[in-house]
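Asker: Chains as they are written, first to last, in this note's numbering: chain A, 7 to 186; chain B, 8 to 332.
There could be a bad hint or two in this list.
Claimed, not checked - Now the in silico label distances, taken between C-beta atoms and shown as ranges:
1. 159/B <-> 180/A: 26 to 32 Å
2. 156/B <-> 166/A: 38 to 44 Å
3. 172/A <-> 82/B: 46 to 52 Å
4. 112/A <-> 80/B: 39 to 45 Å
5. 30/A <-> 75/B: 38 to 44 Å
6. 255/B <-> 103/A: 48 to 54 Å
7. 27/A <-> 75/B: 41 to 47 Å
8. 75/B <-> 112/A: 25 to 31 Å
9. 258/B <-> 70/A: 37 to 43 Å
10. 30/A <-> 103/B: 56 to 62 Å
11. 46/A <-> 65/B: 31 to 37 Å
12. 21/A <-> 124/B: 48 to 54 Å
13. 162/A <-> 159/B: 39 to 45 Å
Claimed, not checked - Per the computed footprint, the stretches of chain A lying under chain B, defined by three or more beta-carbons under 8 Å from a beta-carbon of chain B, are:
14. 83-89
15. 162-168
As the list claims (entries may be wrong) - Simulated crosslink set (DSBU-like; lysine-lysine; CA at most 35 Å straight-line):
16. 43/B <-> 142/A
17. 186/B <-> 43/B
18. 142/A <-> 186/B
19. 72/B <-> 290/B
20. 173/B <-> 254/B
21. 186/B <-> 290/B
Quick caveat, the hints were computed from the structure, so don't treat them as lab data. Just so it is clear, CB atoms sit at the ideal spot from N, CA and C, and this is done for glycine as well.
The chain contents come next:
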Amino acid sequence: MKRVQRGSHGKDNMSEKRVLEPDDVRRAVTRMAHEIIERNQGLDGVVLIGVQSGGVWLASALGAEIARIDSAIPVGSIDASLYRDDIGLRPVHPAAVSDIDFDVDGATIVLIDDVLFTGRTVRAALDALGEYGRPKAVQLAVLVDRGHRELPIRPDFIGKNLPTSGDESVSVTADGVVIS
Amino acid sequence: MSRSLLSIEELGVDGVQRVLELADTMAEVNRRPNPKVPALRGRTVCNVFFEDSTRTRLSFETAAKRLSADTMTFAVSQSSLNKGESFRDSIETIAAMGVDAFVIRHASAGAPWLVEDWTTASVVNAGDGWHAHPTQALLDVYTVRVALNRTAGFDGLRVAVVGDIKHSRVARSTTTAFKALGADVIWVAPTTLLPPVVGETATDRLDDVIGDGVDVLYMLRMQNERMTEALVPNLREYTARFGLTPKRAACLAPSTIVMHPGPVNRGVEIAIDLGELPGSVVKQQVTNGISVRMAVLYDLLSANPNSTSDIEINDDVAAAPKEHP
Numbered sequence: 007m008k009r010v011q012r013g014s015h016g017k018d019n020m021s022e023k024r025v026l027e028p029d030d031v032r033r034a035v036t037r038m039a040h041e042i043i044e045r046n047q048g049l050d051g052v053v054l055i056g057v058q059s060g061g062v063w064l065a066s067a068l069g070a071e072i073a074r075i076d077s078a079i080p081v082g083s084i085d086a087s088l089y090r091d092d093i094g095l096r097p098v099h100p101a102a103v104s105d106i107d108f109d110v111d112g113a114t115i116v117l118i119d120d121v122l123f124t125g126r127t128v129r130a131a132l133d134a135l136g137e138y139g140r141p142k143a144v145q146l147a148v149l150v151d152r153g154h155r156e157l158p159i160r161p162d163f164i165g166k167n168l169p170t171s172g173d174e175s176v177s178v179t180a181d182g183v184v185i186s
Numbered sequence: 008m009s010r011s012l013l014s015i016e017e018l019g020v021d022g023v024q025r026v027l028e029l030a031d032t033m034a035e036v037n038r039r040p041n042p043k044v045p046a047l048r049g050r051t052v053c054n055v056f057f058e059d060s061t062r063t064r065l066s067f068e069t070a071a072k073r074l075s076a077d078t079m080t081f082a083v084s085q086s087s088l089n090k091g092e093s094f095r096d097s098i099e100t101i102a103a104m105g106v107d108a109f110v111i112r113h114a115s116a117g118a119p120w121l122v123e124d125w126t127t128a129s130v131v132n133a134g135d136g137w138h139a140h141p142t143q144a145l146l147d148v149y150t151v152r153v154a155l156n157r158t159a160g161f162d163g164l165r166v167a168v169v170g171d172i173k174h175s176r177v178a179r180s181t182t183t184a185f186k187a188l189g190a191d192v193i194w195v196a197p198t199t200l201l202p203p204v205v206g207e208t209a210t211d212r213l214d215d216v217i218g219d220g221v222d223v224l225y226m227l228r229m230q231n232e233r234m235t236e237a238l239v240p241n242l243r244e245y246t247a248r249f250g251l252t253p254k255r256a257a258c259l260a261p262s263t264i265v266m267h268p269g270p271v272n273r274g275v276e277i278a279i280d281l282g283e284l285p286g287s288v289v290k291q292q293v294t295n296g297i298s299v300r301m302a303v304l305y306d307l308l309s310a311n312p313n314s315t316s317d318i319e320i321n322d323d324v325a326a327a328p329k330e331h332p
């Protein structure tokens with residue numbers, strides 16, 4: 007599940023910088039799982055929802071880690087393509103069908119994405135979530151916060167703060183994080 | 008990617024697959040308590056129907072509304088066409104009001120291609136004469152894909168299209184779509200109801216086709232409004248040889264699905280209560296039609312920008328390569 011943030015602009019031979027190793031990712035996931043449990047004083051009503059497509063593997067990794075530490079909680083995914091504000095400005099293709107087979111009314115949703123950049127995907131995902139019900143609260147967990155926000159959106163759980171320039175691309179997988 | 012959907016041939020296999028996958032996303036929207044998304048806010052879809060239609064027009068209108076597009080309906084019977092305005096002038100007048108997509112049904116084959124030449128808007132062919140009806144074909148293959156859980160394609164699927172193939176744009180488009188996905192299609196009709204040139208396998212023996220086993224039985228409507236000559240002796244004889252009678256229904260394998268584009272001539276091509284036919288997916292065809300038409304409108308309009316798009320996008324999903332200052 008390789009996802010490239012931003013185009014590579016044809017600069018193929020540009021240097022790649024590996025900023026997180028697989029072990030670093032695993033440790034960050036473990037820490038975030040503990041933080042989610044701690045912040046919510048347990049797991050009562052807590053559900054995880056990964057944002058298609060990059061947040062889905064992270065949601066299932068966090069779900070597995072939380073189940074190991076404490077107890078299993080519902081994990082779903084949401085595709086926010088149809089709520090984006092750039093439809094018509096560039097091709098926007100839904101990645102997969104949203105899968106939320108639990109009740110979100112009154113739940114505490116931890117929305118999960120791999121990289122937080124402009125915040126526009128999170129904005130779209132929040133709008134999409136509203137169609138499924140009225141959660142008690144929505145928290146945001148990201149593996150990498152790379153800055154350059156264009157909307158007032160702030161993550162609650164962060165794997166790693168990663169200063170980048172706007173034209174770099176960040177690729178995140180369970181095998182690590184690479185800037186190029 | 009083309010700005011219009013005029014025929015299955017022009018959409019191509021990749022396009023068909025793309026629409027079917029999008030339709031899965033739209034079907035999920037339609038299952039929600041509030042089946043509406045903001046994807047096409049600010050876009051306008053105009054239905055222009057020169058032939059009668061209930062389901063297709065309402066289906067397109069519902070699809071556009073569920074994507075938050077605005078809809079207009081050009082009612083031919085109340086239009087200035089009655090004052091002698093030409094088809095082209097009517098289209099250009101509506102286009103000047105700022106329409107992003109025309110949904111066209113016309114009795115003349117090829118009319119949607121003309122409309123595409125006259126405007127910069129997207130054009131969707133909602134049926135032109137005896138020629139093509141691509142969104143019907145897409146909803147047909149989508150219905151089979153869902154009913155038989157065949158997401159990978161239709162390799163080895165046996166489809167029989169039965170009835171008035173000569174006058175049927177549905178038969179032509181749906182045959183093309185099924186074959187594009189790998190199915191084997193056989194046409195079952197009296198020779199008087201076959202087109203002059205037949206590229207498909209054809210037979211006039213429905214009982215043999217059912218006896219050999221068939222996965223999809225696609226019953227066409229007898230189009231009395233297009234019959235200008237006596238092509239079948241009478242409808243009772245047609246039903247006896249080509250209709251889905253209780254006796255034939257009993258011979259169908261339990262896994263066979265029965266389809267019909269609607270509206271059904273009860274007692275003619277289907278002489279059995281569809282509710283008693285376990286394999287009938289006729290209602291699903293109508294329901295899926297909305298998801299498929301949402302997919303088509305989204306596919307065309309999300310890729311056809313309204314000209315004023317010079318906005319800097321600092322994007323956080325995998326974006327197309329883009330130069331940055």
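Asker: Hints numbered earlier in the text: which of these fail when held up against the supplied structure?
Answerer: Structure breaks hints 6, 9, 11, 15, 18.
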